[in-house]
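Novice: Okay, here's what each chain looks like letter by letter:
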Amino acid sequence: MKEFLMIALGVLIFVVIFQIAKASEYVSVLKGEDKSRKQNNKINAFMLIGLLVFGLIGVWYCNELYFGKTLFPQGSASVEGEELDTMLYITIAITGVVFVLTQVLLFWFCFKYQEKDGQKAFYFPHNTKLELIWTTVPAIFLTVLVVFGLKYWFKVTGDAPKDAIVVEVTGHQFAWEFRYPGADKVLGKTNYKLYTATNNLGVDFEDPASLDDIHVNTTMHIPVGVPVKMVIHSQDVIHDVGLPHFRLKMDAVPGIPTTQWFTPKITTAEMKKKTGNPEFNFEIACDQLCGSSHYAMRGVIIVETMEEYKKWLAEQKSEHSVLFPAKPMEQNAPDSAAGKQISQALPVKK
Amino acid sequence: MSSAATLHHADVHGSHDAHHEHHHHETFITKYVFSQDHKMIAKQFLVTGIIWAIIGGLFSVVFRLQLGYPESTFPWLEDLLGHWAAGGKLKPEFYYALVTMHGTILVFFVLTAGLSGTFANFLIPLQIGARDMASPMLNMLSYWFFFLASTIMFCSLFVQTGPASGGWTIYPPLSALGDASSGAKIGMDLWLVSMAMFIVSSLLGGLNYITTILNMRTKGMSMTRLPLTIWALFFTAVLGVLSFPVLLSGAILLLFDRNLGTSFYLSDIVIAGKILPNEGGSAILFQHLFWFLGHPEVYIILLPAMGMSSEIISVNSRKPIFGYMAMVGSVFAIAILAFLVWAHHMFVTGLNPFLGSVFVLLTLLIAVPSAIKVFNWLTTLWRANIRFTPGMLFAIGFVSLFISGGLTGIFLGNSALDLHLHDTYFVVAHFHIVMGVASFFGMFAGVYHWFPKMFGRYLNNTMAYIHFWVTIVGAYLIFWPMHYQGLAGMPRRYYDFSGWSSFNMFSGLNEFISFVSMIVFAAQLLFVFNFFYSMFKGRKVTDANPWGSNTLEWTTPINPGHGNWPGEIPEVYRGAYDYAKDGKEFIPQNVPVGDDESKGH
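Same order as they appear, the protein sequences are chains A and B.
All the letters of the first sequence, read from the start, carry residue numbers 1 to 350 under this note's numbering.
All the letters of the second sequence, read from the start, carry residue numbers 1 to 601 under this note's numbering.
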């Protein structure tokens, strides 16, 4: 019923507008088209200046309403992201000045030079000096932005620091999985052809490096203040590891591993306090359309202190020990020792 | 005033035999269906484009319902869409299909075919002084291939597994594997075949436009006397001819991967528990092929709008366009650069950082010719005598939107900032303002300005003004706040944000945007109504040159027949922008240079 009323209302408004439009056309013919045209001209010129004034107020009001909801007031959660925030502010400042200046000129000229009786347009076909000015000035400002941008770009896309913690991130429809290299600090090889329902990352357990690797779902733990390097895989379609709080993003492409590194500078617990939101979590959002549940492909990153991280890591069982519990394996043995044992137990490819 | 005299001079042929009879008999079929008259083909493109725009716009309203009111159900949606909206709520799969088709329809079928197809066909022969296109036959085929493409795409909406749903960019493997989503089944094949037909249409049209502009200009119409519309349409056609074949090859390889078991784009894939045998392909290869078209495509959409706005702004300012040669040069620069920036869509694919840096440099370089254009438009308005016809208002709106949307391109083109903003609502806001709404404004400006030439009648002004004001205010209300959602990292192409603690704070804003989008859509329906009503019932044009314009199309009779000029084609003596020169309000291009005339450009 409500829908019908809405449609009826819409049709009614339509008919009213149409009748007014038709009537005003007749009126303008009666009044003399030139006269009504001039009247329309005045009204529209006035409305254009109104659009400018209300538009600029609107821009300010929108900023009041929503800037607090963006991620910038709370600051970057990664050390590298701080520079990006600075760059963003510089870019906003430069483009903001250009935006206000050009929009004001556009609408102000429209208003000021609206058609008037006796006013003549000024014949001004070109002026080389002016044109040179507005070719070079934007070029200079853009050069500055490019230089800053590329400096940062090469830093974050460059090699991760040597002491970085390595985590393998794998995306598939529609979840994230993580692998930690264990005590040997080397991730075991994977091969997608080894995929089974249980060994769903296709880990090659004939590679001794794989024996102490830890496999967790959905939630990734990392320590604060230490660089983290993610090695990113996809098993099916293209996904994207989107880390808005850390100001980073990297695609997960099947067959082509990518990497990305960052240094978290604030723990989840501290963020909960800082934002006043006890539910706060660093989320991994899939940022590349990957199918019907793309919007629900959520991962969580828990940033914690080094002690907490180490404690958490020590509590995790290696994937191998979970998948092959029957194999001789002492739960409490140091990972490397366990690794040796297993590698002797398994036939090793030479 | 001598302007009246020159106008009379221009109209001397047209007045007595406006209904110029053709020497061969025209039937309904040859006149309205398989027409080879460029003006009729233009109208066919325009009407088909309008129909597609309604469909594409409606899709956006439907998926905005889901975004704005994620908790609500709409039983009538189930009546319309059946199982795709079981219980009155869109299914995610169909939501993505709507998003995909909205993009595909508006980018290709409306703003490429509907915009260039209409105005290149209509304006090129009329403004350069030619009787028709170089090949009217190919021109007709261009429309009918577009019609075929449209038919196939329309059919794909009704297949059981749904239309393509992998985004208008159809990245494989999502678009290559039927197991990845139901939209990647038969719907995707139909999408690819339809696009292949579309590309054929675009190539036939483009080759024709280039040939016509280069070879068929009337006597005296040197390249530097061409109106800026023609320059823009010329570079648009060049972009299309050089870039669409690359998409065609990309699409054919994708069809092979889908149906013949090749591995161009596929490698190391496990899907739905199945280990695929494909090895050695690269999913990124497709993105290179796609964006090699995809980025020029943005300018294919934008340049005609720029050209038409330049022309309309100059005519209604009663003042020459400022810096004609700089305007031509900047369009040329944009066209060249358009081919060299495609990988800025791929900064986060794991692209080599050095390669990325080259694309950053080239991308931000585009801002320079764009800035030149903006400042030249502003200077054209300075000390003008402006008439706010509906066409002029839309042209001014175009400039405003081009500034707003263009400036955010400086954020996204800088790869470092793109790391945060890529694939968020910031991108949605950016490209909708700068190429979506702005190009629509260029198209509306063109329709309002040239409607009297197309149909010999005026559009209703009151409805036109309402259309303009609702659309510009609405467009800003919809897309401006999206920048903030993007700065908050809110990803695009999400069906529902309620499960995310990082993105769920914008539900009020989402509802507001959805509400405004419905009003703006209704205003577009008002335009469509005005269009069709005025086509038959509008006020008749009585003045052959109603806007006091210099270009040649206004020297034809009010309702020109096939062949455009009943007598000789007029000769051209000057550029298209002699407004306000020597105290004369305007001097049409076909008026010889007087003895006492000052030396202009």
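The hints are simulated quantities; they were obtained by calculation from the structure and are not laboratory data.
Don't take each hint at face value.
To be verified - Dumping the calculated BS3-like pairs for lysine-lysine here, alpha-carbon to alpha-carbon at most 27 Å:
| no. | chain 1 | residue 1 | chain 2 | residue 2 |
| --- | --- | --- | --- | --- |
| 1 | A | Lys112 | A | Lys129 |
| 2 | A | Lys38 | B | Lys599 |
| 3 | B | Lys540 | A | Lys31 |
| 4 | A | Lys38 | B | Lys537 |
| 5 | B | Lys89 | A | Lys2 |
| 6 | A | Lys35 | B | Lys599 |
| 7 | A | Lys120 | B | Lys581 |
| 8 | B | Lys537 | A | Lys129 |
| 9 | B | Lys540 | A | Lys22 |
| 10 | A | Lys22 | B | Lys537 |
| 11 | A | Lys2 | B | Lys91 |
| 12 | B | Lys540 | A | Lys35 |
| 13 | A | Lys42 | B | Lys581 |
| 14 | B | Lys581 | A | Lys112 |
Novice: Now tell me if each hint is right for this structure.
Specialist: Checked hints:
Of the pairs offered as hints, the one joining Lys112/A and Lys129/A holds, with about 25 Å between alpha carbons and a cut-off of 27 Å not exceeded. Under the criterion of a C-alpha separation no larger than 27 Å, the hint pairing Lys38/A with Lys599/B is inconsistent with the structure, at around 33 Å. This hinted pair checks out: Lys540/B and Lys31/A have alpha carbons roughly 17 Å apart, not beyond 27 Å. The hinted pair formed by Lys38/A and Lys537/B meets the criterion: a straight-line CA distance of about 24 Å does not exceed 27 Å.
For the hint linking Lys89/B to Lys2/A, the alpha-carbon distance of about 17 Å falls within 27 Å, and the restraint holds. Taken as a hint, the Lys35/A and Lys599/B pair is broken in the structure, with Cα atoms around 35 Å apart against an allowance of 27 Å. A distance of roughly 10 Å separates the Cα atoms of Lys120/A and Lys581/B; the hinted pair therefore holds under the 27 Å criterion. Straight-line distance between C-alpha atoms of Lys537/B and Lys129/A comes to about 50 Å, which puts the hinted pair past the 27 Å bound.
Distance check on the hinted pair: Lys540/B and Lys22/A sit about 14 Å apart at the alpha-carbon level, within 27 Å; holds. Between the alpha carbons of Lys22/A and Lys537/B the distance comes to roughly 11 Å, so the proposed pair stays at or under 27 Å and holds. Of the pairs offered as hints, the one joining Lys2/A and Lys91/B holds, with about 23 Å between alpha carbons and a cut-off of 27 Å not exceeded. At roughly 18 Å between alpha-carbon atoms, Lys540/B and Lys35/A fall within 27 Å of each other, so this suggested pair holds.
Between Lys42/A and Lys581/B, the direct Cα distance comes to roughly 25 Å. Compliance with the 27 Å bound is thereby established for this hinted pair. Distance hint between Lys581/B and Lys112/A is fulfilled; the C-alpha atoms sit about 21 Å from each other, no more than 27 Å.
When held up to the earlier numbered hints, the structure conflicts with 2, 6, 8 and fits the remainder.
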